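The listed protein sequences derive, respectively, from chains A and B.
When the letters of the first sequence are read in order and numbered with full-length UniProt numbering, they come out as residues 1 to 381.
When the letters of the second sequence are read in order and numbered with full-length UniProt numbering, they come out as residues 1 to 339.
FYI, nobody ran anything at the bench for these hints, they're computed from the structure.
This structure is a prediction, so every number in the text was calculated from the model and none was measured.
No residue lacks a Cβ here, since even glycine has one placed at the ideal position from N, Cα and C.
Check before you lean on any hint, since a few could be wrong.
[Said to hold, decoys possible] Derived CB-CB ranges, DEER-like:
| # | chain 1 | residue 1 | chain 2 | residue 2 | range |
| --- | --- | --- | --- | --- | --- |
| 1 | A | 137 | B | 192 | 54 to 60 Å |
| 2 | A | 304 | B | 100 | 54 to 60 Å |
| 3 | B | 15 | A | 323 | 39 to 45 Å |
| 4 | B | 334 | A | 178 | 56 to 62 Å |
Here's the letter readout for the chains.
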Amino acid sequence: MDLDLDERTTAFRDEVRAWLAENVPKRPLASFDTAEGFEQHRRWEAKLADARLSVVSWPREYGGRDASLLEWVLFEEEYYAAGAPGRVGQNGIFMLAPTLFSHGTPEQRKRILPAMARGEQVWAQAWSEPEAGSDIAALRSTATRTDGGWLLSGQKVWSSRATYADRAFGLFRSDQDSERHRGLTYVMFDLRADGVRVRPIPQLDGEPGFAEIFLDEVFVPDADVIGEPGEGWRVAMTTANNERGLSLRSPGRFLAAADRLVRLWRETHGDTETALAARVADAWIQARAYQLYTFGTVTRLAEGGELGPESSVNKLFWSHLDVGLHETALELLGPDAELSGKTGWPEGWLFSLAGPIYGGTDQIQRNVVAERLLGLPRGQR
Amino acid sequence: MRFALSDEQRQFAESIDQLLSASDPAKANRAWAQGQHEPGMRIWQALAELGVQALIVPQQWGGIEATPVDLVVAFERLGYHAVPGPWVDTVAALPALLPEDHPLAERFLPGVASGETLASLVLRPHVPYALDADVAQARLLLDGAALRRFSPGQVLSSMDGSRRLFEPVPGAENEADTGADTGAGTVTAETEAAFDMGVLATAAQLLGAGQWLLDASVTYAKQRKQYGREIGQYQAIKHLLADVATELELARPLVHAAAIALGGDTAARDVSAAKVACARAAHLAARTGLQVHGAIGYTAEHDLGLRLTKVRALVSAWGTQAVHRTRVLRGMPEHGRVG
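Can you build the whole structure from these sequences, using the hints too?
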């Protein structure tokens with residue numbers, strides 16, 4: 001058991017660190033949930049891609065550099081430690097791409113992945129529906145067979161990035177007589193296609209971070225179905241595991257935030273105040289715990305294991321860590337806590353609040369942990 | 001990087017489990033609390049045959065010179081089975097206090113390795129009372145730079161009956177056959193090392209006790225029926241237990257990483273982080289375990305109680321949460337990455 005990096009990994013990390021120190025924008029980009037910020041972020045994604053740092057864990061042919069899972073985790077640590085911009089392409093990169101690697105055709109991968117890696121095509125997720133929420137199996141939007149493809153109808157909601165993104169992916173009910181998890185099909189569609197109407201929804205910060213999508217007989221060719229029609233649930237589970245597990249939330253962001261919290265603590269309170277000291281210490285300990293737990297997972301996956309219920313353990317843990325860490329920062333800031341656009345902490349706090357909700361709520365994750373990790377019986381909810 | 005236990009380490013844990021499952025440590029624990037040491041000493045001897053006491057003793061003194069990771073693997077199992085006795089003092093802290101060439105090493109460490117010597121240590125200020133000083137042969141008190149022997153004074157009763165604590169009555173300074181070798185510099189560094197090792201072993205014990213509390217609660221929730229169904233079907237119960245599982249899962253890697261960090265610059269910070277997290281997780285496991293079991297868990301007959309009081313005692317033993325959080329805050333990096 002060790003935490004030592006080999007030569008290749010150390011060299012990779014050092015290269016990443018040096019490039020980021022040179023290239024991370026000195027001034028933060030505008031929010032990617034504004035029209036201006038979205039285009040700034042697109043350019044940043046292209047710049048990352050030029051250095052082959054946009055999707056390091058992907059195969060070279062799609063713009064990556066075949067980095068190991070460990071290298072990717074370290075890349076993320078460096079990325080957030082350097083204060084680099086959030087990834088506008090994250091829905092595609094971390095949710096759709098793993099699905100394409102598992103279930104896509106060679107043609108789909110070749111057509112979609114390089115453009116995604118460069119930010120030329122930015123993807124929105126279209127999972128939720130008004131009646132569904134975390135219960136994806138209650139979906140009602142339909143895909144109806146037509147010549148050479150499908151016609152999508154219905155409504156999606158809480159679609160992150162849909163306001164400015166180019167395309168979206170989600171599940172549609174392709175067999176009207178089916179129930180629950182059966183008869184669903186995984187489809188990609190163009191947000192500018194005929195029959196698509198996007199209604200932006202302002203989030204707590206006022207920016208349209210998500211949107212409703214109305215679909216009225218929107219045509220998608222067979223080439224944009226992932227996996228077999230009717231098998232969408234199975235296909236989507238790859239994505240769900242990735243979202244809850246490693247892909248969306250590597251430890252890097254929390255480590256960087258804990259680091260900033262410690263600095264804030266030293267600047268504002270130092271040794272003079274004890275009431276908040278315990279919370280600062282706990283936030284740091286938890287960020288470290290999550291980093292180490294991830295190294296354990298990376299080791300297990302490298303040795304042929306699979307990501308199971310621990311993806312739910314991850315999400316439960318980091319979502320609480322993130323909220324607690326930001327609330328402690330706001331306490332440290334005192335009356336400045338409410339001032340936006342100054343310290344970044346209020347914005348970070350707002351973002352952290354979404355953690356226990358999206359990608360399966362805390363309550364769903366606890367059920368998964370209880371039933372799949374602890375073996376407690378399923379029962380009435 | 002390979003951050004996982006080896007097959008050998010897993011097999012070692014299994015062999016400790018097999019031995020302890022067959023030797024009724026809960027019964028020995030209750031006897032120990034009454035001052036009847038025989039059943040506990042039989043377990044002590046049996047574990048010595050597995051090599052547990054010899055783990056970090058130098059080969060020169062009959063030990064195995066295993067890694068601190070092996071040590072925490074063993075202590076997690078000792079905590080799981082609620083084995084009584086001065087394990088932390090004897091097996092973890094004493095070998096760290098007495099480096100290979102220390103004048104007292106030859107005197108005490110061969111007996112530690114063979115299972116014949118038990119130790120009781122007082123490390124002021126955070127370990128002020130002497131655990132099991134009545135059965136220990138090696139009784140050492142460290143106060144700053146001074147190393148002294150002590151005899152057991154007044155007996156104090158712990159909320160965990162099997163933790164028999166004594167007021168130490170110190171002898172003369174440097175009385176412990178050490179001559180001039182207890183110079184301030186050396187002893188201070190060794191005291192730090194002994195304290196860190198004791199803290200780490202205590203953290204691992206807490207982790208094991210917490211895991212037992214979770215396992216027992218899960219088993220109970222699958223059997224106990226209320227309103228016509230197993231209580232484990234209710235989300236209220238599931239969600240409590242899921243939170244315990246999450247805290248324990250995330251505390252364990254801190255213990256392993258701290259074991260790797262021993263001897264390095266971040267040792268104090270890392271063992272303290274492990275103790276804080278394990279104490280938190282085990283305490284949550286205890287409180288949740290009692291809630292899931294209901295009144296049965298509040299009885300002295302049920303084994304839950306053995307862990308419930310032991311966990312709370314260990315939360316304050318070898319440094320309180322506040323002490324360790326302060327050590328973490330002091331050891332956090334000035335700049336750059338957390339790791």
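Problem - Violated hints - listed by number, lowest first - result: Result: hint 2 breaks, nothing else.
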